[in-house]
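Make a model of the complete structure from these sequences and hints.
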Amino acid sequence: MKLLIIEDDPNIVAILKNNFDSEGFVTDIADDGDAGSAMARVNQYDLIILDMNLPHKSGDAICKEIRGAGKNTPILVLTIDEHTDNKVALLNAGADDYITKPFSFHELLARVRAILRRPTQIADDTMRAHDVTMNISSQTVRVGSKEVYLTRKEFSLLECLMRNKGKMVSRGMIIDNAWDNDADFFSNAIETHILNIRKKIDSKDRYRLIKTVPGRGYKIE
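When the letters of the sequence shown are read in order and numbered with UniProt numbering, they come out as residues 1 to 221.
Treat each hint with caution, since some may be false.
[As the list claims (entries may be wrong)] Simulated pairs of lysine to aspartate or glutamate, EDC-like, Cα-Cα distance not exceeding 16 Å:
hint	residue 1	residue 2
1	Lys-199	Asp-125
2	Lys-165	Glu-107
3	Lys-71	Glu-82
4	Lys-64	Asp-9
5	Lys-200	Glu-147
6	Lys-57	Asp-31
7	Lys-146	Asp-131
8	Lys-101	Glu-82
9	Lys-57	Glu-82
10	Lys-200	Glu-154
11	Lys-17	Asp-34
12	Lys-101	Asp-9
13	Lys-87	Asp-60
14	Lys-219	Glu-191
15	Lys-200	Asp-131
16	Lys-199	Glu-154
17	Lys-64	Glu-23
18	Lys-101	Asp-81
19	Lys-211	Glu-191
20	Lys-165	Asp-97
21	Lys-71	Asp-32
In short, the hints are calculated from the structure, not lab data.
Keep in mind that this is a model prediction, so the values were computed, not measured.
This is the structure:
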């Protein structure tokens with residue numbers, strides 16, 4: 001799962017990024033309203049965590065821009081405002097939920113998971129390709145009846161390929177959907193992770209699940 005955190009307080013950013021990373025999420029960071037709005041409209045995210053008070057652009061303006069661009073990505077707003085009317089205005093602007101500062105990470109995580117469990121957001125929660133089954137909620141992968149352990153990055157990469165089963169997935173798409181936004185496009189990290197995944201889910205007497213499309217990317221049939 002890939003999150004966009006739009007927050008200008010470096011202390012909050014550090015806490016959120018470290019904790020979400022440890023929970024298996026991939027996180028991108030934007031520290032002002034203009035950058036956050038652009039990233040949210042251009043890239044694909046499973047959920048956006050948006051601070052209400054940001055440099056250059058307010059949280060409600062960003063919500064409206066994201067929805068105006070046709071993006072249905074869930075938005076959870078961080079706010080210091082406890083007035084009911086203002087919270088209602090946030091929801092009307094396109095936010096899916098809000099949490100009032102100060103908050104505990106455990107409560108925020110619970111709200112994030114609750115949003116991601118909603119039926120409109122959880123299509124393809126369980127994905128299958130041949131005898132490989134991936135469950136997003138439980139963060140598990142099985143080959144037949146055997147559970148296989150994948151690292152956080154391997155899981156995110158395989159999820160990207162499984163969600164696009166039957167389609168060629170380029171290196172750029174993998175970086176956009178399964179990598180932090182500071183990834184080096186020219187490194188061989190993707191190839192290394194693909195090799196590790198193949199070692200864990202392939203065997204000598206069965207097909208290769210992840211196909212290489214020479215010079216273009218990867219594909220799961």
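Unsatisfied constraints (hint numbers, rising): 1, 2, 3, 4, 9, 11, 17, 20, 21
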